[in-house]
Amino acid sequence: MDHAQRLTELPELSAEELQRYSRHLLLPEVGLEGQRRLKAGRVLLVGAGGLGSPLGLYLAAAGVGHLGIVDFDVVDVTNLQRQVLHGTRDVGRPKLDSARDRLLDVNPHTHIETYETRLTSENALDIIAGYDVVVDGTDNFPTRYLVNDACVLGGKPNVYGSIFRFEGQASVFATPEGPCYRCLFREPPPPGLVPSCAEGGVLGVLPGLVGTIQATETLKILLGIGDTLAGRLLLVDALRMQFRTLKLKRDPQCPVCGTRTLRELIDYEDFCGLRAVHTGTGVAEVTPAELVAWRARGDAIDLVDVREPGEWALGHLPGARHVPLGTVASALDTFGGGRTTVLYCKGGTRSAQAARILSEGGLTNVWSLAGGILRWRAEVDPTLPNY
Amino acid sequence: MSITVHLPTMLARLAGDARSLEARGGTVGEALGDVIGRFPALGPRLRDEAGKPYGFVTFYLNDEDIRFQGGFAAPVADGDEVIVVPTVAGG
Numbered sequence: 001m002d003h004a005q006r007l008t009e010l011p012e013l014s015a016e017e018l019q020r021y022s023r024h025l026l027l028p029e030v031g032l033e034g035q036r037r038l039k040a041g042r043v044l045l046v047g048a049g050g051l052g053s054p055l056g057l058y059l060a061a062a063g064v065g066h067l068g069i070v071d072f073d074v075v076d077v078t079n080l081q082r083q084v085l086h087g088t089r090d091v092g093r094p095k096l097d098s099a100r101d102r103l104l105d106v107n108p109h110t111h112i113e114t115y116e117t118r119l120t121s122e123n124a125l126d127i128i129a130g131y132d133v134v135v136d137g138t139d140n141f142p143t144r145y146l147v148n149d150a151c152v153l154g155g156k157p158n159v160y161g162s163i164f165r166f167e168g169q170a171s172v173f174a175t176p177e178g179p180c181y182r183c184l185f186r187e188p189p190p191p192g193l194v195p196s197c198a199e200g201g202v203l204g205v206l207p208g209l210v211g212t213i214q215a216t217e218t219l220k221i222l223l224g225i226g227d228t229l230a231g232r233l234l235l236v237d238a239l240r241m242q243f244r245t246l247k248l249k250r251d252p253q254c255p256v257c258g259t260r261t262l263r264e265l266i267d268y269e270d271f272c273g274l275r276a277v278h279t280g281t282g283v284a285e286v287t288p289a290e291l292v293a294w295r296a297r298g299d300a301i302d303l304v305d306v307r308e309p310g311e312w313a314l315g316h317l318p319g320a321r322h323v324p325l326g327t328v329a330s331a332l333d334t335f336g337g338g339r340t341t342v343l344y345c346k347g348g349t350r351s352a353q354a355a356r357i358l359s360e361g362g363l364t365n366v367w368s369l370a371g372g373i374l375r376w377r378a379e380v381d382p383t384l385p386n387y
Numbered sequence: 001m002s003i004t005v006h007l008p009t010m011l012a013r014l015a016g017d018a019r020s021l022e023a024r025g026g027t028v029g030e031a032l033g034d035v036i037g038r039f040p041a042l043g044p045r046l047r048d049e050a051g052k053p054y055g056f057v058t059f060y061l062n063d064e065d066i067r068f069q070g071g072f073a074a075p076v077a078d079g080d081e082v083i084v085v086p087t088v089a090g091g
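Quick note, the sequences are listed as chains D and Y, same order. For the first sequence, counting from 1, position 135 maps to 135 in the working numbering; every step adds exactly one. For the second sequence, counting from 1, position 75 maps to 75 in the working numbering; every step adds exactly one.
Mixed in with the good hints, there may be bad ones.
Rough simulated footprint, nothing fancy, chain Y against chain D, three-plus residues with beta-carbon under 8 angstroms [unchecked claim]: (1) 61–69; (2) 122–128; (3) 131–139; (4) 145–158; (5) 262–271; (6) 378–384.
With a cut-off of at most 25 angstroms between alpha-carbon atoms, the simulated DMTMM-like pairs for lysine to aspartate or glutamate come out as follows [claimed, not checked]: (7) D:220 - Y:63; (8) D:220 - D:379; (9) Y:52 - D:187.
Ranges of calculated distance between the beta carbons of each label pair, as one might list FRET restraints [what the hints assert, rightly or not]: (10) D:239 - Y:52: 28 to 34 angstroms; (11) Y:78 - D:113: 40 to 46 angstroms; (12) Y:1 - D:387: 55 to 61 angstroms; (13) Y:16 - D:190: 41 to 47 angstroms; (14) D:237 - Y:22: 52 to 58 angstroms; (15) Y:26 - D:321: 39 to 45 angstroms; (16) Y:13 - D:253: 29 to 35 angstroms; (17) Y:79 - D:130: 46 to 52 angstroms.
Note that these hints are calculated values from the structure, not bench results. For clarity, every value in this text was computed on a predicted model and none was experimentally measured. All residues carry an ideal CB built from backbone N, CA and C; glycine is no exception.
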């Protein structure tokens, strides 16, 4: 039964619900019918983190009847600065368990379906089929392109939001006449160019701001009121507290919603250039123990930290110099000189990318520290700050 | 023509932390070239080696995507704004 059909058979509201939602019922644009539309509504939240937190909280509070949540992550103490869905006592628990408990406390009338899995090309279309609206609360490019394509192919609006440090973007993609994510950004950036929140940092409240905008758009879609961000890109600049709206149009050459040549979900890790990075194709790796041994025997080693400046400032390996990944290519002439080059980052992905850049630039004897600082902390020096 | 180029914070740090830069040129491409001439590190972040825009950095002339106005050849008028919007994925 789709949303339009369900509108002819809108669920009733109990006396408790009428009291709970009285501030909505007072709004001419919502009223009893609007609240019943919300109760009939089915929204899929992809991600229960920074953006997912205000989304879950406000959509549950508003009386959206069915919330599906996709997340496979576990609550970490570093999440608590911004992921207000979770609390200190939830550290170590699956985010879905924490989310379910919290949201049912906010509103026991909400039906919550959880998907403790990564959203993939194999499961995405099946999962979104059961929902009216999909909200992109993810934190990486492959999943964003996957959500987009699945929504266009599956005919579901995609409420988009993304953040970086102090700035954010929001829009509504995949409406019948409107543009999609690929119309805005037809290709992802090279791996490592755009730091994640874990690498570049983020003002804790920023996903609150952008996620609440996404929740607002979701409610407007379910209620059928107002003007949504379909066909517009909202830019949020929290440092200057400025908002700018830009026009978005369907790209006639867009393979998903323009020419419609893309009719099936693809390999998004490969599309984003990550498959080669993850398999470390062609990249030589050195373990922390091996690096300790090389230094002990006096090898001439150029140890290079390719992380963001904020990460370097938190703590770095002794004897290292700092060359952020985005500047490695332009600093090629500072490498080599007969030394063994060992690159490291937080987990080993960015240093593998840097190693690839240097090797393609002609440098030999280039190594990436397997497992990065995380593994160095576990195996060599636990006094390094965790972040 | 004298216009303003607006950069997000992540690119502004390559332009002396300037979020808004005055630029001169008859087209979007010329104005960006003017900025890149002053801040060469911005160059590779705004266009590829062949001088074409990347698919992950979108440019707006006032509030319209330049792809619908001739791309980097889009003409500019005094007082126009070019807004640079790179993709971000945090969530």
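Comparing the hints with the structure gives:
no. : hint                             : in the structure
1   : 61–69                            : violated (count 0)
2   : 122–128                          : violated (count 0)
3   : 131–139                          : holds (count 4)
4   : 145–158                          : violated (count 0)
5   : 262–271                          : violated (count 0)
6   : 378–384                          : violated (count 0)
7   : D:220 - Y:63                     : 24 angstroms, holds
8   : D:220 - D:379                    : 52 angstroms, violated
9   : Y:52 - D:187                     : 14 angstroms, holds
10  : D:239 - Y:52: 28 to 34 angstroms : 31 angstroms, holds
11  : Y:78 - D:113: 40 to 46 angstroms : 56 angstroms, violated
12  : Y:1 - D:387: 55 to 61 angstroms  : 46 angstroms, violated
13  : Y:16 - D:190: 41 to 47 angstroms : 25 angstroms, violated
14  : D:237 - Y:22: 52 to 58 angstroms : 19 angstroms, violated
15  : Y:26 - D:321: 39 to 45 angstroms : 43 angstroms, holds
16  : Y:13 - D:253: 29 to 35 angstroms : 33 angstroms, holds
17  : Y:79 - D:130: 46 to 52 angstroms : 50 angstroms, holds
Checked against the numbered hints above, the structure violates hints 1, 2, 4, 5, 6, 8, 11, 12, 13, 14; every other hint is satisfied.
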